[in-house]
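Letter by letter, the chains look like this.
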Amino acid sequence: MQWLTSIWLRLKALALRRKFDRDLEDEFAFHLAMKEQKESSEGKPAQEAHDSARRDFGNIARLKEACREMRTFVSLESFWQDLRFGLRGLRKTPGFAMVAVATLALGIGTSTWCFNLVRQWVLQAVSYPHSERLLVAWEIDTKKGWTGQASAPDYLDWREQSHEFDRLAAWSVRQFNLTGMDVPERIAGARVSPEFFSTLQVAPTIGRDFRQEENQPGKGQVALISYGFWHERFNSDPNLNSKTILLDGERYTVIGVMPENFHFTLMGRTNIWVPLALTEKERTNRATGWLNVIGRLKPQITLNTAQQTISAIAQQLEKQYPDSNTHSGVLLRSLSDEIGRNTGKQGIYSGFVIGICILLIVCTNIASVYLARALLRRKEMTVRMALGAQRFRLARQLLAESLLLIPAAVGLGLGVSVLGANWATAAIPYDNRGYLPNYGEIHMDWATFMYATAVALVSVLLFTLAPMMEANKLDLTGSLKEMSGSTSTSLAGRKMRRTLVVAEIVLALVVLVPAGLLSKSLTNRFKEDPGFEPDHVLTAKMNLPVAKYRDPAQIWTFDQRLLDQLRALPQVQSAGLSVSIPFGHSYGGAELWIEGRPAPKPGEVPGMAITSVTPGYMSAMGLHLVRGRFISDADGAASPEVIVINQTLAQRYFSGADPLRHIIRLSRNDTLPRTVVGIVEDIKTSGMDEEPRNQSYISMAQSPNSSISVVMRTTAEPLSLVTSLRESLKAIDQDQPISDILPMSQRISDQEAPYLIFAQFTGGFGVMALFLAAIGLYGVMAYLVENRSREIGIRMACGARPQTILWLVLSGNLRLVATGLSIGLVLAGIVAQLLQSMLYRVKAYDPATYLSAMALMCAVVLLASIVPLRRAAKVDPMIVLRYE
Amino acid sequence: MAYSHKQFMGEREAKPGDLLQGTLDLLVLKTLASGAMHGYSIAEFIHETSEDVLRVEEGALYPALHRLELRGLLASEWGVSENNRRAKYYRLTAAGKKQLIAETEHWGRMSMAIRRILETA
Chain A
0 MQWLTSIWLR LKALALRRKF DRDLEDEFAF HLAMKEQKES SEGKPAQEAH
50 DSARRDFGNI ARLKEACREM RTFVSLESFW QDLRFGLRGL RKTPGFAMVA
100 VATLALGIGT STWCFNLVRQ WVLQAVSYPH SERLLVAWEI DTKKGWTGQA
150 SAPDYLDWRE QSHEFDRLAA WSVRQFNLTG MDVPERIAGA RVSPEFFSTL
200 QVAPTIGRDF RQEENQPGKG QVALISYGFW HERFNSDPNL NSKTILLDGE
250 RYTVIGVMPE NFHFTLMGRT NIWVPLALTE KERTNRATGW LNVIGRLKPQ
300 ITLNTAQQTI SAIAQQLEKQ YPDSNTHSGV LLRSLSDEIG RNTGKQGIYS
350 GFVIGICILL IVCTNIASVY LARALLRRKE MTVRMALGAQ RFRLARQLLA
400 ESLLLIPAAV GLGLGVSVLG ANWATAAIPY DNRGYLPNYG EIHMDWATFM
450 YATAVALVSV LLFTLAPMME ANKLDLTGSL KEMSGSTSTS LAGRKMRRTL
500 VVAEIVLALV VLVPAGLLSK SLTNRFKEDP GFEPDHVLTA KMNLPVAKYR
550 DPAQIWTFDQ RLLDQLRALP QVQSAGLSVS IPFGHSYGGA ELWIEGRPAP
600 KPGEVPGMAI TSVTPGYMSA MGLHLVRGRF ISDADGAASP EVIVINQTLA
650 QRYFSGADPL RHIIRLSRND TLPRTVVGIV EDIKTSGMDE EPRNQSYISM
700 AQSPNSSISV VMRTTAEPLS LVTSLRESLK AIDQDQPISD ILPMSQRISD
750 QEAPYLIFAQ FTGGFGVMAL FLAAIGLYGV MAYLVENRSR EIGIRMACGA
800 RPQTILWLVL SGNLRLVATG LSIGLVLAGI VAQLLQSMLY RVKAYDPATY
850 LSAMALMCAV VLLASIVPLR RAAKVDPMIV LRYE
Chain B
0 MAYSHKQFMG EREAKPGDLL QGTLDLLVLK TLASGAMHGY SIAEFIHETS
50 EDVLRVEEGA LYPALHRLEL RGLLASEWGV SENNRRAKYY RLTAAGKKQL
100 IAETEHWGRM SMAIRRILET A
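The listed protein sequences correspond, in order, to chains A and B. Position 181 (the first sequence) corresponds to 180 in numbering that gives the first Met the number 0; numbering is contiguous. Position 80 (the second sequence) corresponds to 79 in numbering that gives the first Met the number 0; numbering is contiguous.
The following block holds chain A by itself, in its conformation from the complex (with noise of 0.2 Å):
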């Protein structure tokens, strides 16, 4: 410890400098008082004792000297020189110190900000204990290879069955019509299995989790609420006792609240559950697949074990049911991979990656305008060097000048991160951000504190000190003898500017070409058609309550009475009603059976998306006709049933026949045969990028539904008709909310967005990449120019046109480039890779792309090479040799 003690009295002596130096003085004052006091009893007189005493001690200042040298940190004082002789180097140059400045900024803030962005989203994404043993199942098409939910016995079947789980719980989003207080409002919320929040192994803060008992049909009037819906609602009350709330007209006891930061991804913004509580009819149906299903694997089970026994229980199964089961079987993912793939993880990772891509054209531009720097005072530094300074001292002072850079744009960078995170949280629309970790916010922390710095400090260290190294490591005497000018190009600092212009071209064409591919991809989603009029259309979502709503009629009635409302509105053109409307809640299916067809096999029973709507609904949508008409008022409960397909329907099962008047119907055993009425075009109803499928349409009279969508075309901008349709609503019924209002144009974009996000974010970061790569480039090749100026002078002295001399220049450079492009080409390659699952109509490898990307960087480079050309051309030949 008595390196402490030392460094303690060090740190005092420096900071209690002047209190140091009086005590020294204090200390030999009364050493000399001592000793003249002693001489004068010794009976000399007081004068000479005085300067006696004085000549012995010999000289002060030099004492003191020693004895505060010994004190102080002498090599950290003289670094505060040199941090100072730095400043002062910095404020003669303050563009150069700037333009340091900000381009490392934005290349910390932006790779910070992705570092952020993989820590916060990928991999602190799922907290729950031992998440590694948590894993999602999904009963999955074994011939198509698609991925959906399970049918409530197959996963009663799956939890029956198998041994490798601790649990096997299920979940099922809902929407609940709140009511009983003061405005009646939708709330999003699910039924789970009993042992849902025990899977988690997450606990209720208050009150107690769901019992087993509970879990039946007519028990299950409990409910558990999230933390701020209990803060809003009940203001944070602990006591529980008698607390309950009405849910689609039912009371529920709410039994207890989660922890505030229980957050579970998979499910988006929920506050409130209930018990799954299967009813007889669900219980039984195994065609219909609904069912989350989420388990806890038991210690030192692996996934794969746990795969193979539940394939084994699906392939039983498929025997045992072949209606509904044929090529079904069952896809374990981990909670992770499931969460990172609805983030996007791949897109984060290749995000990264272009972030780190930025920072290092930062990094490779500050090196080679440190190396053109170094250059410059290599003059001054083989003179002091020559005059006996120490490497390690010249060293240690360019170090310092590059280290004051460092606190700015650290600070800068951090701005630039929380800039970056705040348009990314803000552009993800409000919904979506449920679905992501931590509700899409990033926050800034003391990781990314410590990242931001130690990405400043290595890229600093590094991209400084090695050019400086570089231009330093000369022998004397030949960089003496080039001060006189008897050699004109040096060879120092060379090979580095050669590594620099292929890291340029390199880490640009990474950038890029992501870029270009994002944005192309983006393009031809936005030239898709959605097959409807989107613009001036107001939608919105509601569920009538069965309490209330019990038979078709009544809601019927409901339905015709809110119709008539509507279209009573001035505003209004037409207005209908829909079970499912495109980009809203996900389309119900059905069977495909045509009559007078032979029956299809089992599990080849070709399958369709199905809504029933009402008159209007289509014209109000913008659905495009194609043949027979659209669903109408003759389409009434009465009247035989009709069903209107889509295009991609008619063309695959009627191939050129007419398919008007065939009978449909949506299942094997189906007592009411459909009509064919009319064909409507393709509708995306999920995404840009959907793939044609089969679509229907049944009349809403024919089988009223209580989950009801409304569409408006208005004349007026759509959300100015807000309030009509609250009040509409209101007069027919004060209790029903109504929830998810939101023009049709705006569902599209909210489902579009992490794609345009994306799209924006590679964009961003290729314009930047640009930019920064041309900048350096520029200065590399501004450099080169230069050093052969005495060259091109000659030569245009003798009568070489510019047109040579620019290809002298750039033949010397050919190399270069076609090493960056072809090691680019290939880095960028493996990074669109990552991409694919998000590229549309686009392949990873779009030759295109690459090229125009190529032809960029080499317009690039050409421009970079023209200028300073242009420039060293323009000036007197006669000059430039004089000046030598």
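These are calculated hints, taken from the structure and not from any lab test. A virtual CB, placed ideally from N, CA and C, is assigned to each residue, including glycine. Hints may be right or wrong, so weigh each one.
[Said to hold, decoys possible] Some residues of chain A that are not near chain B, with every Cβ distance over 10 Å (derived): (1) 15; (2) 208; (3) 325; (4) 340; (5) 556; (6) 654; (7) 691; (8) 746; (9) 855.
[What the hints assert, rightly or not] Selected chain A positions facing chain B (Cβ under 8 Å, derived; list incomplete): (10) 26; (11) 30; (12) 33.
With chain A's structure known, arrange chain B on it following the hints.
Chain B in isolation, oriented as in the chain A frame:
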């Protein structure tokens, strides 16, 4: 790198053959073993106890005191001297006491060795 830890901290390594510095350190430690003293009385004590043979130069004494303090072997505090003046008193620390024992032993062996060499000649 030619920089040692000590050099960085501003101390100078003892030159080879510079026996006096180590010796002076030992004498100072020994002197302070009997209690706290200020610089002047340390010099006087050595001078008198050695019966006027050893005279400690101030130019050597004070750097030695400060160095020993920095090494944690001595502690110092300001007090009032016998003639009512502000004076800096040095005393041994626990580490200093240990060092004194170690160095006394070392010195004993050294002087014995030197004597032996001188006697054989």
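How the hints compare with the structure:
1. No Cβ of chain B comes within 10 Å of the Cβ of residue 15(A); the nearest lies about 14 Å off, and the non-interface call holds.
2. Once the 10 Å rule is applied to beta carbons, residue 208(A) is consistent with being away from chain B; the minimum gap is 61 Å.
3. Residue 325(A), annotated as away from the interface, keeps every beta carbon of chain B farther than 10 Å; the closest lies near 76 Å.
4. No Cβ of chain B comes within 10 Å of the Cβ of residue 340(A); the nearest lies about 52 Å off, and the non-interface call holds.
5. The non-interface label for residue 556(A) is consistent with chain B: the shortest C-beta to C-beta separation is roughly 91 Å, beyond 10 Å.
6. A cut-off of 10 Å between C-beta atoms confirms that residue 654(A) is not in contact with chain B; the least separation is 84 Å.
7. Its beta-carbon lying about 71 Å from the closest one in chain B, residue 691(A) satisfies the requirement of being farther than 10 Å from that chain.
8. No beta-carbon of chain B is positioned within 10 Å of the beta-carbon of residue 746(A); the least distance is around 66 Å.
9. The Cβ of residue 855(A) lies farther than 10 Å from every Cβ of chain B, with a closest approach of about 46 Å, so its non-interface assignment holds.
10. Because the beta carbon of residue 26(A) sits about 5 Å from the nearest beta carbon in chain B, less than 8 Å, this interface hint is met.
11. With its C-beta approaching chain B no nearer than about 5 Å, residue 30(A) sits inside the 8 Å limit, and its interface hint holds.
12. Proximity of residue 33(A) to chain B holds as hinted, the smallest CB-CB distance being about 4 Å (cut-off 8 Å).
Of the numbered hints given earlier, the model fails none.
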